[in-house]
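When you get a sec, could you build the whole thing from the sequences and use the hints?
So the sequence lines, in the order shown, correspond to chains P and H.
Each residue of the first sequence is one higher than the one before, starting from 1 at the first, in the working numbering.
Each residue of the second sequence is one higher than the one before, starting from 1 at the first, in the working numbering.
By construction, these hints were calculated from the structure, which means they are not laboratory data.
Remember, predicted model here, so these are calculated numbers, not experimental data.
Hints should not be assumed to be uniformly reliable.
What the hints assert, rightly or not - Covered by chain H, per the in silico footprint, the following chain P stretches (three or more residues, Cβ under 8 Å):
id, segment
1, 1–7
2, 38–44
3, 51–63
4, 76–86
Note that CB positions come from ideal geometry on N, CA and C, so glycine has one too.
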Amino acid sequence: MMELRLSNLRDGESGIITSIGVSRGRGRGEGRRARRGWGFRKRLEDMGLTPGTKITVVKSAPFNGPLEVYIRGSRLAIGRGMAERIFVEVKR
Amino acid sequence: MTKNKFTIALAGNANVGKSVIFNQLTGLHQHIGNWPGKTVEKAEGTLHFKGYTIDVIDLPGIYSLSTFSIEELISREYIAVERPDLVINIVDASVLERNLFFTLQLLELGTPMIMALNQMDMAKKKGIKIDHEKMEKLLGIPVIPTVAVSGTGIYELLEKAIEIIEKRVNIKPLKAKYGKEIEQRIEKISKMVEKTQFKYPARWVAIKLLEEDKEVEKEILKINPEIVSTAEKLAREIEEIHGHSCSTVITSERYEVASKIAREVQEITPPIKPPMRERIHALTTHKIFGYPIMAVSVLLIFYSIFTFGDYTSGLLGDFFFGLKPIFEGAFGTGVVGKLVWGGVIEGIIGGVTVALPYILPFYFILYFLEDSGYLSRIAFLMDNIMHKIGLHGKAFIPVMLGFGCNVPGCLGCRIMETEKERLLAAFVVTLVPCAATTVIILGLVGAFVSIQWALALYIIDLLIIFLLGRLAFKALPGEPTALIMEMHDYRVPHLKTVLKQTWFRLMEFVKMAFPLIIVGSLVIKLVEVINLLEPIANVLSPVTVTWLGLPTITGITLIFGVLRKELTLIMLATLLGTTNFAQGMTPVQMIVFTLVAMLYIPCIATIATLVKEFGWKKALFITIFEIVFAIILGGIAFRLLMLVY
Chain P
1 MMELRLSNLR
11 DGESGIITSI
21 GVSRGRGRGE
31 GRRARRGWGF
41 RKRLEDMGLT
51 PGTKITVVKS
61 APFNGPLEVY
71 IRGSRLAIGR
81 GMAERIFVEV
91 KR
Chain H
1 MTKNKFTIAL
11 AGNANVGKSV
21 IFNQLTGLHQ
31 HIGNWPGKTV
41 EKAEGTLHFK
51 GYTIDVIDLP
61 GIYSLSTFSI
71 EELISREYIA
81 VERPDLVINI
91 VDASVLERNL
101 FFTLQLLELG
111 TPMIMALNQM
121 DMAKKKGIKI
131 DHEKMEKLLG
141 IPVIPTVAVS
151 GTGIYELLEK
161 AIEIIEKRVN
171 IKPLKAKYGK
181 EIEQRIEKIS
191 KMVEKTQFKY
201 PARWVAIKLL
211 EEDKEVEKEI
221 LKINPEIVST
231 AEKLAREIEE
241 IHGHSCSTVI
251 TSERYEVASK
261 IAREVQEITP
271 PIKPPMRERI
281 HALTTHKIFG
291 YPIMAVSVLL
301 IFYSIFTFGD
311 YTSGLLGDFF
321 FGLKPIFEGA
331 FGTGVVGKLV
341 WGGVIEGIIG
351 GVTVALPYIL
361 PFYFILYFLE
371 DSGYLSRIAF
381 LMDNIMHKIG
391 LHGKAFIPVM
401 LGFGCNVPGC
411 LGCRIMETEK
421 ERLLAAFVVT
431 LVPCAATTVI
441 ILGLVGAFVS
451 IQWALALYII
461 DLLIIFLLGR
471 LAFKALPGEP
481 TALIMEMHDY
491 RVPHLKTVLK
501 QTWFRLMEFV
511 KMAFPLIIVG
521 SLVIKLVEVI
531 NLLEPIANVL
541 SPVTVTWLGL
551 PTITGITLIF
561 GVLRKELTLI
571 MLATLLGTTN
581 FAQGMTPVQM
591 IVFTLVAMLY
601 IPCIATIATL
611 VKEFGWKKAL
621 FITIFEIVFA
631 IILGGIAFRL
641 LMLVY
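Shown next, in the form of structure tokens:
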């Protein structure tokens, strides 16, 4: 088992989500910054990317494009930048 | 006492067939507008059923009731504060788990609710069998299986809705139970909240506070700051127990409940052969083939829209201007006649002949593609390109609309999630060459300089969009945006819904743009009648003649262009007294003129749209910026071109 960023998974590979990294942001003041990280993580979690959930990368679009993933019985497109902040545990 | 007027709100995820159900329910009695002060579309309709008059509100398609997007905020405010008599939760039976996650949140808001278990046909095709009676028991609310596209279950849905509202049937909806350590803390906070008489249910507020919902925190802080600090302390305790933030834990557990219900009610036997829609999906998002397929589709769309638009526009124009002699016979050719014809009627004709023939097919194809699922695939493919200007894949859609007309393009920015994305996308859209701008590029530079130069202008415009988009992205505060979007299964679009959506959006456009076009035409005609045009052109001549190197009359044409861009060309022909523009202008002048006309201002209808969507200040800022920018750019281009020619 090893922990990787979702963006580093190969096409067709599955993993279990462990955590979502919060952005450093370009915030003005602490409060705003905290809120930004909160919104980002909340968004992903609301879409079903909660820790412990199985996620499969179907494929990624070329030129650092978004990833097509399969999670909780549905298909999502996730931007590369977001995928880089999602950590998954993979069997390799 | 029984009343016979009700309000029902439709709530559910995006792409679950909500708009189909809305259209099935309300037919032609619809009104499309904005939520007060918000860039979010509000669709309302009325229906009459068994002597009842029912107002139906179509809430935006969302996945949660947190505050990430304005849609989510509006939806929860509406349900909790306006309190519709009933919420119909529309659920996609083929993606049950994700949909149930939203259902659980709706239930927490505590309004009477029934569920339309929609797209049962799709679920069946995917080999999913759902025991809806069992689901009814588990959720504690009525569940009606529907296939909205064929109308199946709609009647039953309405009957059930009336029954629930009328009889106040005692339904006991499920309360999603969280872990014991969380429930205890919810209880604690609820008790404190109950005393405050806050507009939302106490349990819901407690959960939201533990989820660190900033909007709720802000409002509770005003009432009793002690509650917020207690909630913060309790949330930290939960965080220590689980090793994840409290909001993560709550979301996880809510999904766990949804997942458990889904597992209990559905039986899945996946089809052995990959179905057609899966193969189409693989092909249209393919690393190599996806792009040529998209390019061909987009070109085909543009080609058919412009062919249709051009033909229809000509036909309508001939028809309307054929009426001119009849009109002049009735009103004469005096000042009043001139004002009425030139100001009012030509304004209407312009709107009808120039805008509608392009907007109509554009909207139709847009809704058709959206409903089929292809738009989300285009967004997927275009994501990294749109990222270069700080937007993401979804923004490609309003930008594409902008090529037909900037007005629907700006309205289309509503699909973006945050206010920053909307504004940025709208700004980009106003720079996109619309159908009228294309007429200028092709009719002037394309016809009298060379087609290569016309193409070059197009490319320059795209480069400018790219550069300015990037700059604006850097200048605007806020988090860099990222794409997260469901790609629902391909399906055959429901033609009636697509047609209705097209029609009502078209009406929205007419209501917004036409009054301004007419008033604008009238003002300019008035200026012309009292012989003020030439003095104005002379006042503008330092800019037009000295800086841009254009003939004086172009000042007049650029004023007219504010009404509708293609008027710059029409007025140019009128003032030069010929349509052979080469007689009155040098190639350099034509290129500079077109460049300026292309960028110098959003037309009046677009400005109006910007005002409506973003307010006066931002609209004015964009307008002034573009005027200044186009003038500076035009002058530089003039000097550079003089070196070449």
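Please check whether the segment 1–7 of chain P has three or more residues whose CB lies within less than 8 Å of a CB on chain H.
violated (count 0)
Coverage of the segment 51–63 of chain P by chain H, judged on three or more residues with CB within 8 Å:
holds (count 7)
Check, residue by residue, whether the segment 76–86 of chain P contains three or more positions whose beta-carbon lies closer than 8 Å to a beta-carbon of chain H, and give the verdict.
holds (count 7)
Mind taking a look at whether chain H covers the segment 38–44 of chain P? Criterion is 3 or more residues with CB to CB distance under 8 Å.
holds (count 7)
Of the numbered hints given earlier, the model fails hint 1 alone.
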